[in-house]
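Participant: With these hints in hand, go ahead and build the complete structure from the sequences.
Going by the numbering used here, the first residue of the sequence shown is number 1, and it counts up by one from there.
Hints listed in this document are in silico derivations from the structure and should not be mistaken for laboratory results.
Note that the structure is a prediction, hence the values are computed from the model and not measured.
A portion of the hints provided could be inaccurate.
[To be verified] Result set (EDC-like, lysine to aspartate or glutamate): computed pairs, CA atoms no more than 20 Å apart in a straight line:
id, residue 1, residue 2
1, 67, 34
2, 106, 36
3, 67, 31
4, 106, 34
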Amino acid sequence: LEEGILTAVPGTAINGARTQRVPNTTNISFDRVEAESLLIALDLQGFAVSTGSACSSGTLEPSHVLKAMGFTPHRTQNSIRFSLGSANTDAEVDRLIAVLPGIVEKLRSLTRTPVRA
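Facilitator: Now the structure itself:
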């Protein structure tokens with residue numbers, strides 16, 4: 001999941017260490033995308049993700065963990081947590097990786113600053 005997202009979507013980065021962490025959870029920042037917008041778009045596609053830690057599920061507030069790690073307000077506001085459980089399938093991961101680039105590109109296109117002549 002993690003490598004697929006990083007490869008498929010330009011302008012993404014892992015928040016935190018790549019090792020010594022739980023293997024089923026990743027937190028990824030998406031440059032120039034508000035996490036709330038991405039969360040809603042993914043929800044409409046049937047994916048459950050979060051902008052906060054597991055203990056703050058259901059909130060749209062940026063992760064207090066990312067704040068404590070010293071990330072900029074912008075980065076904490078464009079980060080999504082993805083968690084996999086035993087019921088998730090490879091097909092679900094593949095589908096997410098397939099639809100995510102288009103969703104991110106659409107959201108980025110909505111926030112682009114127009115070029116002035």
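Participant: Hints first: check each against the structure and report whether it holds.
Facilitator: Here's how the hints hold up against the structure:
At roughly 16 Å between alpha-carbon atoms, residue 67 and residue 34 fall within 20 Å of each other, so this suggested pair holds. Between residue 106 and residue 36 the alpha-carbon distance is near 14 Å, which keeps this suggested pair within the 20 Å criterion. Of the pairs offered as hints, the one joining residue 67 and residue 31 holds, with about 17 Å between alpha carbons and a cut-off of 20 Å not exceeded. Of the supplied pair hints, the one linking residue 106 and residue 34 holds, its CA atoms being roughly 12 Å apart against a limit of 20 Å.
Going through the hint list in order, the structure satisfies each hint without exception.
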